[in-house]
Amino acid sequence: MSTNPESSKSLPSPVPLQVDALIKRFGQVVAVDGISLEMRAGECLGLLGPNGAGKSTLIRAIAGRVLPDAGHVAIFGVPAGSPQARAALGWVPQDLALYPRLSAKENLRSFGRYYGLTGKKLEQAVAWCLDWAALQDRAGDLVSSLSGGMKRRLNMAAGLIHQPRLVLMDEPTVGVDPQSRNRIFEMIEALRTQGMTIIYTTHYMEEAERLCDRIAIVDHGRIIALDTREALVHNSFASRSQVLARLEGPPGKVSAWVEMRGGRLVDATAEFTIEGPNEIAALLEGATAAGLELVDLSLRRPNLESVFLHLTGRELRD
Amino acid sequence: MIIPIVRTAILALRRDRGSLVLSFVVPIAFFSLFAVIFGGQHDTVPKIRIVVVDEDRSQASQQLVKGLENDGSLVVMTQPATTKEQPQPTPYTAASAEDAVKAGDVSVALIVPTGWGANPISFRGDSVAPAIQLLSDQSDTIAPQMVGGLLQKAAMTSMPLVMAEQGMKYSEQYLGGYTPEQRKKMDDSLDRLRHLENEPSKTAAGSASSSSATGGMIAVKTRSVVGENKKSPMISFYAAAIGVMFLLFTATGSAGALLDEAESGALDRVLSSRITMTGLLAGKLVFNILLAFTQLTVMFLWAWAVFKLDFFTHISGFIVMGLCTAFAVASFGILLASICRTRAQLGALSTLLVLTMSAIGGSMFPRYLMSEAMQKAGLWTINAWAIDGFTKVFWRDLPVSALWPQVGVLLAIGVVLFAVARRVARRWEYA
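Residue numbers (the working numbering), protein chains in the order written: chain A, 122 to 439; chain B, 106 to 536.
Be aware that a few hints might be false.
[Said to hold, decoys possible] Away from chain B, derived, C-beta distances all over 10 angstroms, residues of chain A: (1) Asp334; (2) Thr349; (3) Pro371.
[Claimed, not checked] Here are some of the chain A residues that sit facing chain B, going by a computed Cβ distance under 8 angstroms: (4) Leu132; (5) Leu188; (6) Gly192; (7) Leu223.
Source of the hints: derived by calculation from the structure; they are not laboratory data.
Note that the structure is a prediction, hence the values are computed from the model and not measured.
For each residue, glycine too, the CB sits at the ideal point set by N, CA and C.
Make the full structure from the sequences, and use the hints.
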């Protein structure tokens, strides 16, 4: 599918998204606290952060569904929420925003009409969406009769029915099984090969690592880091690696020893950051000397989870 | 085993405000409402509005009219109400009184014909004088009977002298005359009656609590001027009355789709497209108007097919009233959906409001049988205006031009409710 040429008519800027010093408060809670952001055409930007970090509020502000208290959001140079911005933008909300009593095809037709599609263009767009979401054989089935994964795929397709140039995907894999998740990844990768600009919010680092060119780590309404995955890891850990060790012994003794060696315990697994492999031997010797039994040991490069922990002192899933 | 289930159910009920309202508030509200409508009837008896035309202008006829005017159960009009356009309206004539009944201004008109006063009593229906004409509207079956009875009562209590004189005349005619002594006693009695008539406060006339009418002494000729050719007098009334009540339920249920869409996020998605909130609400409004109009059409077609309602000769009036009613009802539904936060709230509030409006507005019980206060309260409901309009069309055979008050009010209700709904719906537009 190519993006809708009508949606790009007379748009003043080639920059898909520009967010300047955006602030949004809900009562005493500051959901978005001065976020600034600029996207490049054709890139996939991941917004990675725990629940309640402000990702969805940021997405809704970009979609024009939240009025900021301060700051500015521009879609291809026009204000968010304006008719031109709406036409250029596709939004896949976190909720299953579908009509349950309509079939998959009827849902797509309805949303297509809401964007002004009619006749042959509408039918072509519906056919493309059904194909993209692999729902051709379930096109006539009511949404209420579809599986969770199918509903998610249809939810995504409905956001793309008008062939937007910029797509906002707000945690599109919430509540789906691994097989359906993979199918969704393939759908997004198909969009990426077509050069679509995508914002993808998630609190699963694997998704961000797999799909996104750049990743913005969001916490407490702020972007605390924004770069490629490799750069984020390098900036936090340089060439250091992580050792994961499972130790057996009295719990108090294990935690005291891990803390003494500068590590931390995650689900009974000790994590240590080391400069080089030669430090592993010292760790093993230390554990033996402390009377702890080593059950398992592995070495890994730091990931986004490690970066988040490094930057915030908290785990991504907290 | 059982207690944990009961505790969980109690907890769930406590959190479900809609169910709580339906369980406890709605029944109490309805009990109170019906107690006010029906229980208070003995305190505030609805007055019957009648037109009286005195063509006779005799002493007897004037006394009769005065007696009727003094009756607490009647509102007697001898001329239309004064308006800015008509500061001194012309008194009713037999023709204009008949028009007033046909137009539904009053349920009953009494015409006292010329010559009635010469021989007002008809003991055996053999009076040579012309009878009083009672013009009625068949849709109100109670008012003509009440007026007939009150007429007899007024005759007995407001014109005792005439009654006595007539009685003496009949006695003399059938018994063969009085002795001079009897004649003197009778004249003395008549003098006392004349004296009493000059002091009306001491007579029984005008007291609503006086003894009941004896009936039958005043010759009355009843004629239905509205609905005399109708096969089923109340069919059109009930088609409109029940139809409007269920229209209100359907409209609120249908408009509740807004709440479903808001909950699922579909509303957000729709509003992120080219559709604006005004466009969305207008779309819902048009759909609900079509739904309500179709519902009314089906109901009236059923009445035509099964109950022989004269539908097709009134089609233009039906379309006008149907569309106006559908518009008001659809706006009402959208306003309720905009106000409520959840389906449960909508269910409770709509049940309360629709049943209240239906009770006051005449969908359950004809308004003309209610007290004056309740009849006035009914004018705040969609039901009353819609039923009045459909009654004009199907019962009184009035032209579309006569529907302007109902059309105007229903359109105004629709516009105001929709404007308020649009205002309230701003909460969905932006966070």
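Taking the hints in turn, this is what the structure says about them:
1. Asp334: Holds, because the least Cβ-Cβ distance between Asp334/A and chain B comes to about 25 angstroms, which exceeds 10 angstroms.
2. Thr349: 30 angstroms, holds
3. Pro371: At about 40 angstroms from chain B, Pro371/A clears the 10 angstroms cut-off, so the statement holds.
4. Leu132: 16 angstroms, violated
5. Leu188: 4 angstroms, holds
6. Gly192: With Cβ-Cβ at 15 angstroms, over 8 angstroms, it is violated.
7. Leu223: 10 angstroms, violated
Figure legend: structure checked against the earlier numbered hints; hints not met, in rising order: 4, 6, 7.
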